[in-house]
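A.B. asks: Residues per chain are reported as follows:
There are 2 protein chains.
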Amino acid sequence: MNIERSPLAVAFPETPAIGGATPTVARAGYKDWGRCDLTLVELAPGTAVAGVFTRNVCCSSEVELGREQVRLGKARALVVNAGNSNAFTGYRGREAVEAIMAQVAEHFGCEPSDVFVCSTGVIGVPLPQEKAREGLSAAFVSSPCSWEEAALTIGTTDTFPKGATSSAMIGGTKVNLVGIVKGSGMIAPDMATMLGYIFTDAAVDADFLQSLLGAASENTFNCITVDSDTSTSDTVLAFATGAAGNDPIVSVESAGADAFAAALHDVCRQLAHLVVRDGEGARKFIEVAVSGAVSDASARRIGLAVANSPLVKTAIAGEDANWGRVVMAVGKAGEPADRDKLSIGFGGTWAARDGQPLPGYDEAPVAAHLRGSEISIEVDLGIGDGRATVWTCDLTHGYIEINADYRS
Amino acid sequence: MNIERSPLAVAFPETPAIGGATPTVARAGYKDWGRCDLTLVELAPGTAVAGVFTRNVCCSSEVELGREQVRLGKARALVVNAGNSNAFTGYRGREAVEAIMAQVAEHFGCEPSDVFVCSTGVIGVPLPQEKAREGLSAAFVSSPCSWEEAALTIGTTDTFPKGATSSAMIGGTKVNLVGIVKGSGMIAPDMATMLGYIFTDAAVDADFLQSLLGAASENTFNCITVDSDTSTSDTVLAFATGAAGNDPIVSVESAGADAFAAALHDVCRQLAHLVVRDGEGARKFIEVAVSGAVSDASARRIGLAVANSPLVKTAIAGEDANWGRVVMAVGKAGEPADRDKLSIGFGGTWAARDGQPLPGYDEAPVAAHLRGSEISIEVDLGIGDGRATVWTCDLTHGYIEINADYRS
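Chains H and P, in that order, give the protein sequences.
My numbering applies: residue 314 is where the first sequence begins, and numbers increase by one.
My numbering applies: residue 314 is where the second sequence begins, and numbers increase by one.
Keep in mind the hints are simulated off the structure, nothing from the lab.
Since the model is a prediction, treat every value here as computed from it, not as a measurement.
Each hint should be verified, as a subset may be incorrect.
Put simply, identical chains are the same to the list, so a pair is met inside one copy or across any two.
To be verified - Straight line, CA to CA, 20 Å or less: simulated DMTMM-like cross-link-like pairs of lysine to aspartate or glutamate: (1) K387 to D651; (2) K487 to D571; (3) K387 to D518; (4) K654 to E377; (5) K654 to E408; (6) K654 to D698; (7) K487 to D698.
I would like the entire structure built from these sequences, with the hints used as guidance.
C.D. replies: Below, the structure written as structure tokens:
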């Protein structure tokens, strides 16, 4: 299947080197596709790690192990396999992950639990241990690669490499952050999987990094949706090597904690948006801004109901200011709402206010807005102060083509 | 927009007359479409009524009023407007409904609360009172029509008229049931709306009818999904005229109560399936049978997660035995599941058992099954006795065409 580059793609940014984090790529040959498909990132001793994982209860062995390892708070290496998700493979899948952990631990002289493994691709086929072993052996002797090469290598049917960067001043020390992510491209017969990795040279306590990553994810990775389906392998990991030499950030009281939190949030938001921009068949990037809900959490659930609605997503694909479908989606969210206080807008222009079509509503600016590729939908509930923003893409023939027209 | 008849359409059945329920149709001209669009069913004095309504909190005035009226338990008339949903129209929409209730009540010499009104079609435009008044005046002097004509008239962009019938012996008396339903055709810029009506000549106590309808709906109307979106107007009403002269059915202890409950359930199931068969763009009818869950309710939620998954629905459209996507959907349901006890099958053939691909799995019978138009997906959780069956259709280019390719 030949998939064209997403029209919403953006260029890979200039990324700084991150001291203590060294990426390499190699060919394990998980699929017959003549490209690198194994990414190894060596992390300096003392690197702190945090992670958030899929809530899908049918998760992969990688996710089960990763959840346990994150609690220990330290990392020496990351391995990402592309082309085989190793999900739904029983004990043999777990053995394959443990073999990778053991091989890398021996090479770097660390604990197996310091080695994080992620896999994405075909489901139901145990990761071939021999290919993984040879791929790792090649990676051990490879030259370091760019973050863009790493971003390309963790991808599967992603249509462009996705990266983000940010920085912060901690005391007098500048720290850098680089993130890469793979998004919702499909590897048949698997589902879309999001894998994201953030590397920083800041010194950050692992527990505090975990709380920052969790908070940032709530408003970024957990506020995007392509098709409401949740992979069995979704994983975001953050690694802090400490190479910048700042005074360690251990709590909100630490110098620079706010600046670092903001930079981390910024990278997470950028990466989350990039996943949507590579959503299957996406032609339009949609921001749904919800205000006036009874709480922020309620606003987020309403926003996701709108963003997940096939009828809303097809309306945007059709450049149709169909506020009725937005009303429907708000109503089905199961959250407090008052039909007669609800207002709906597109691109900053209200189409309906207080439960009725706006008198004298001029559709021209809305129609112009909807012809663009960056769409905003505004929903005001009018019953509280809760607000949230979520992001999605439109639902197009491209989605059907990618997911139905080709046999796996 | 010209939409072809669904390939899953079935013929309208032979339907008996229902004593005490007399349908007529007329042209109110809610849209410029040269067809009847107002349905009036006169019901004999003493007719009992029960109803179930959308859970969408942004419901229409019709739904708000209908919920109140059902509590009174009696009906003398049903009016269905097609072409204007009257939803999201504030007080003017409510006034339009109350005007219809008053006009019909005056004509039949009953209470306004005995007159049930439903509307489906364009959102955000108050139902034109003058058109409704003239349409009703025409209906009052029209000859009775067939149930098929009534089914056609309540439809909007439905591609075929949908009806069902059943009967039961109550003591020595045969009672008949006829049901009609409109399904998920779209009236731009409205959302899909399901309106269903069941008429029986049985004598049934209104409270008991309500409990029977509620129970039947749980396993029929509430077990179907086309695209996970829930209309602001969904309504199912059951009317029992008593003309058959049976001893009234007042509780589960009454003679014939079981037979009547089974017949009502049968009609509800038939109607629910017909809605799916006219799902937008549907090419395949899909039954998802879930077993081995911790409870029936859990099984139903898992079944709906599978049936609502765009990735599962596109896989079936592509005739792809993609059990990995089914696993994903089970896992994201948020219900108890054990990855390593989960089994997935298609058309009665297991593809994966106990969390792993079935050794020696022969895809040939599955591939043959998926090439048909009646598809079954089996999910066994292996952790309990809960079971449920839900129904949906595939997600095709037709859905996108209907919902995105045409401007409202």
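A.B. asks: None of the hints should be skipped; say for each whether it holds.
C.D. replies: Here is what the structure says about each hint:
In this assembly of identical chains, the alpha carbons of K387 and D651 never lie at most 20 Å apart, being 49 Å within a copy and 29 Å across copies at closest. In this homomeric assembly, K487 and D571 come within 20 Å of each other (Cα to Cα) only inside a single copy, at 14 Å, whereas the closest approach across copies is 76 Å. Proximity of K387 and D518 under a CA criterion of 20 Å is satisfied intra-copy only: 10 Å inside one chain copy versus 68 Å between copies. Taking identical chains as interchangeable, the C-alpha atoms of K654 and E377 lie at most 20 Å apart only when they sit on different chains, with a minimum of 16 Å there against 45 Å within one chain.
For a Cα distance limit of 20 Å, the shortest separation of K654 from E408 across copies, 19 Å, qualifies, whereas the shortest one inside one copy, 56 Å, does not. Taking the shortest Cα distances, K654 and D698 sit within 20 Å of each other inside one copy (14 Å), while across copies they are farther apart (45 Å). Taking the shortest alpha-carbon separations for K487 and D698, neither the intra-copy value of 36 Å nor the inter-copy value of 59 Å comes in at or below 20 Å.
Hint violations for this structure: numbers 1, 7, all remaining hints satisfied.
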